[in-house]
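**Q** From just these sequences and the hints, can you work out the full model?
Protein chains in written order, with our numbering: chain F, 1 to 535; chain S, 1 to 535.
Hints are not guaranteed to be accurate.
To be verified - Covered stretches of chain F, as calculated for chain S (at least 3 residues, CB under 8 Å):
#1 224–233
#2 476–487
#3 507–514
Simulated from the structure, these hints should not be mistaken for laboratory data.
By construction, the Cβ of each residue, glycine as well, lies at the ideal position given by its N, Cα and C atoms.
Listed below are the residues making up each chain.
2 protein chains.
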Amino acid sequence: MVPRMVLRSPVWLFRWQVACTRGASVPQRTWAGASRTPGPDSTLACTGGLSTSLGTPEVMLTCERYPVRRLPFSVVSEQDLAAFERIVPGRVVTDPAELEAANMDWLRTVRGCSQVLLRPRTAEEVSHILRYCHGRNLAVNPQGGNTGMVGGSVPVFDEIILSTALMNQVIGFHSVSGILVCQAGCILEELSRYVEERDFIMPLDLGAKGSCHIGGNVATNAGGLRFLRYGSLRGTVLGLEVVLADGTVLDCLTSLRKDNTGYDLKQLFIGSEGTLGVITAVSILCPPRPRAVNVAFLGCPGFPEVLQTFSTCKGMLGEILSAYEFMDAECMQLVGHHLRLTSPVQESPFYVLIETSGSGVAHDAEKLSSFLERVLGCGLVTDGTVATDHSKVKMLWALRERISEALSRDGYVYKYDISLPVERLYDLVTELRTRLGPQAKHVVGYGHLGDGNLHLNVTAEAFSSSLLGALEPYVYEWTAEQRGSISAEHGLGFKKRGVLGYSKPPEALHLMQQLKALLDPKGILNPYKTLPARS
Amino acid sequence: MVPRMVLRSPVWLFRWQVACTRGASVPQRTWAGASRTPGPDSTLACTGGLSTSLGTPEVMLTCERYPVRRLPFSVVSEQDLAAFERIVPGRVVTDPAELEAANMDWLRTVRGCSQVLLRPRTAEEVSHILRYCHGRNLAVNPQGGNTGMVGGSVPVFDEIILSTALMNQVIGFHSVSGILVCQAGCILEELSRYVEERDFIMPLDLGAKGSCHIGGNVATNAGGLRFLRYGSLRGTVLGLEVVLADGTVLDCLTSLRKDNTGYDLKQLFIGSEGTLGVITAVSILCPPRPRAVNVAFLGCPGFPEVLQTFSTCKGMLGEILSAYEFMDAECMQLVGHHLRLTSPVQESPFYVLIETSGSGVAHDAEKLSSFLERVLGCGLVTDGTVATDHSKVKMLWALRERISEALSRDGYVYKYDISLPVERLYDLVTELRTRLGPQAKHVVGYGHLGDGNLHLNVTAEAFSSSLLGALEPYVYEWTAEQRGSISAEHGLGFKKRGVLGYSKPPEALHLMQQLKALLDPKGILNPYKTLPARS
Chain F
1 MVPRMVLRSP VWLFRWQVAC TRGASVPQRT WAGASRTPGP DSTLACTGGL STSLGTPEVM
61 LTCERYPVRR LPFSVVSEQD LAAFERIVPG RVVTDPAELE AANMDWLRTV RGCSQVLLRP
121 RTAEEVSHIL RYCHGRNLAV NPQGGNTGMV GGSVPVFDEI ILSTALMNQV IGFHSVSGIL
181 VCQAGCILEE LSRYVEERDF IMPLDLGAKG SCHIGGNVAT NAGGLRFLRY GSLRGTVLGL
241 EVVLADGTVL DCLTSLRKDN TGYDLKQLFI GSEGTLGVIT AVSILCPPRP RAVNVAFLGC
301 PGFPEVLQTF STCKGMLGEI LSAYEFMDAE CMQLVGHHLR LTSPVQESPF YVLIETSGSG
361 VAHDAEKLSS FLERVLGCGL VTDGTVATDH SKVKMLWALR ERISEALSRD GYVYKYDISL
421 PVERLYDLVT ELRTRLGPQA KHVVGYGHLG DGNLHLNVTA EAFSSSLLGA LEPYVYEWTA
481 EQRGSISAEH GLGFKKRGVL GYSKPPEALH LMQQLKALLD PKGILNPYKT LPARS
Chain S
1 MVPRMVLRSP VWLFRWQVAC TRGASVPQRT WAGASRTPGP DSTLACTGGL STSLGTPEVM
61 LTCERYPVRR LPFSVVSEQD LAAFERIVPG RVVTDPAELE AANMDWLRTV RGCSQVLLRP
121 RTAEEVSHIL RYCHGRNLAV NPQGGNTGMV GGSVPVFDEI ILSTALMNQV IGFHSVSGIL
181 VCQAGCILEE LSRYVEERDF IMPLDLGAKG SCHIGGNVAT NAGGLRFLRY GSLRGTVLGL
241 EVVLADGTVL DCLTSLRKDN TGYDLKQLFI GSEGTLGVIT AVSILCPPRP RAVNVAFLGC
301 PGFPEVLQTF STCKGMLGEI LSAYEFMDAE CMQLVGHHLR LTSPVQESPF YVLIETSGSG
361 VAHDAEKLSS FLERVLGCGL VTDGTVATDH SKVKMLWALR ERISEALSRD GYVYKYDISL
421 PVERLYDLVT ELRTRLGPQA KHVVGYGHLG DGNLHLNVTA EAFSSSLLGA LEPYVYEWTA
481 EQRGSISAEH GLGFKKRGVL GYSKPPEALH LMQQLKALLD PKGILNPYKT LPARS
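**A** Written out as structure tokens, the structure reads:
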């Protein structure tokens, strides 16, 4: 299906100026109708003109593709822009070219039409911005590195984009405990470099590390590649500084390993995707940098062998096991085709990447070689390679980490990120291949097997409602039948918020809505995200 | 100071019967006065008669020792008892002897005067009980193994005790993933045995394991002896079933390693000490049982050497380090004197217990012996012993685990459980010894050094207001100056709720109060606990 774009390039600018001079908030009744046709104000906020004027006509506006109606927030006026200019002087972005990237997700599947982006440098500035927006009933879309998978990091309509990009300072690092305190806009890879120079590592790592912000990682409770070893951010994040919807600064930025003084408020904001508050600083516990890192990349003849190899390695590698990732043959074909990466082992139905991290070079090598001998000897693994030097380790990891990038080059991607009992992890991929037949270009499965987390991806030449209809609710129903989670680590954002009910009971949804109403009574923080639309 | 006890043993029973036949709720105005003198209804609810009638005259009623006023909850009537009997037939306890133990904490420092204890077996029964109590405005004190340190697990006045003791069934165990699902009343030690038979261990262990319930552990976010290795319950607890104040059953009892579908509601209840809901079942991730466990018990000449030994062992033992505990010489004297335990090493100013847990017997032994050679060689450690067999390991652990018991036999204990930057961990103990002089019998420091967690304990012949005055707010102010936590793992309960402000800013307190009002609008769940009294 080709996105419907209206070619009237200069109009959006004109219309926005009209809105500015008017400066009026949109009356609630404008949005009372049930029709999907945008009313005059949503047209004003979200015309397709922007992208056509800038040569990227193929990404449809979110509000055109999905049945979503703009909520009765105010529209940004000239006075508002002037007020923002006073709060963050020189850091109020209205340039269409700069806004274009911030309005669209990196997967190029959703697109908003915000006309202003703010770049605060401090929590105080964020506080002033939110206090102002709260007073004016202006919606705000907090944005980190904009690397999310579920459309949570870009506006749906004309929400003000609040970027954490300039909040990128390390506040402190404790070289004995490994506790890092930094602003929310620090890029994960830069933090990794910073702590590695001090003989520690970040407790999380993910493919998007070169762009994602630590604040965004925490706001989305990112999982990633080190989860198996170092666990969830709910354990490693020690403190947060958060600005609430009304501008209140909540300073829970402690750096203590243990603190049982009252309710653990920071947990409310971890994984709430910017809908309950804006994270402005993070205190996080970094593990010591392991002295020995080994990566084995192995070929397995079938999925049962992938599982048995996992059980064997849990037993034999024990505490030095730091990752167990898998990918199927189609994933390897895609990274080969789109990224020109070549497989280091012979063609196999499945591939496994095992990482060990430990303190004893000789001990770890001995453990790993005993394990490899065992799995090769009994046919669980048919071919393999091991890397210990940094560049080869990186090369092997690239095969796994860049699958997402290869998929995005293959066409429109339907992404599912599912938690399942490990025994049934791959069944859904096989069943979908049969179900979809030639409708799909590729149906692939890969992910963090050690955490029971499958990334199921389906590609097609372009977005198609009929393919979507074949996928959903089938995938969600299948997952719910196994008592799995319809979002293991990507969150719900805009795209999955409607299917939360497949993994959570009505009582939980009700309590979530109550928490949202308590913390953000006007609903200005990242609206249209995480929680289902109220019927 | 000798507790003031009124010797009129049969009166309490009579008075309670009067209350029952009346069945009226206490009007709010009764409690409006600022006086500490209990009004007629609080006398009725809390006369000292019970304990004198049963021969334990020395524990003063909480409402007599502390300036606390009963809130205007209803008083349990005959009709209420009949209703409870219908919900949990044969499990409504009104026998004074049975109630006595449940009314008093194990430290014998606080005592309530509840006249009814309920023993539900299922979440449905808990739901019926809470729905009823909510309707009738009856206060409820959820109780697990009653092993808490801060008076959180016993009633302050006449709250109904809701015991989890009969909710003691394992619901399921997944032998590949190590995920255990069980009811809240399972005793930690029994669960340990259960999962150890299946080659896993519980991710937490604590001195009170023989009595404490897993539900209570989760409700208080217990830390304990394995925290250093396996982290917080916030990471290892995967799901909870909770009954809310109005009886709503919140089923978040998933068994998934990763689940990012909406706000992580279970985090609200972990560590909220029964004030936001009653935990009825727990899903928890158990680590594989390590093949090799070694314990080293070492003597150190000073606290700087304790710290340097810690840094050395973090580097040399790396991923196999599973505990680093310390205790001072006075602790050793106390366990020797009161429990007849003997030190396995020569007398030293400090002792350290180091545990390793790993998958390779030979590798672990090699790592440990290299480490011991290093620390003995450079004088960080002056004497030491190592155990590998189960009974000797247990014996060494007993020296550390039973300190709390030895202290409780030494007299009245003032307990502080503090998180501090590790470099300053022991300074407070030294300063307090000077400050208190002969007022205190003993001032001791021990705890989970690896987690920055000091247990500071002061003993005296009996409770004394003047000694308390010398300790508080001094200890809290000192801790706040270091940006420490005034409760690392014990929680706030009744005793520490007033000092929450030393570790949390007013904005955090306000949000906590809002959460309490949202989840328990009538305030019936574990009142007088965790949050400061509203002024």
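**Q** None of the hints should be skipped; say for each whether it holds.
**A** Right, here's what the structure says about each hint:
1. 224–233: holds (count 3)
2. 476–487: holds (count 5)
3. 507–514: holds (count 6)
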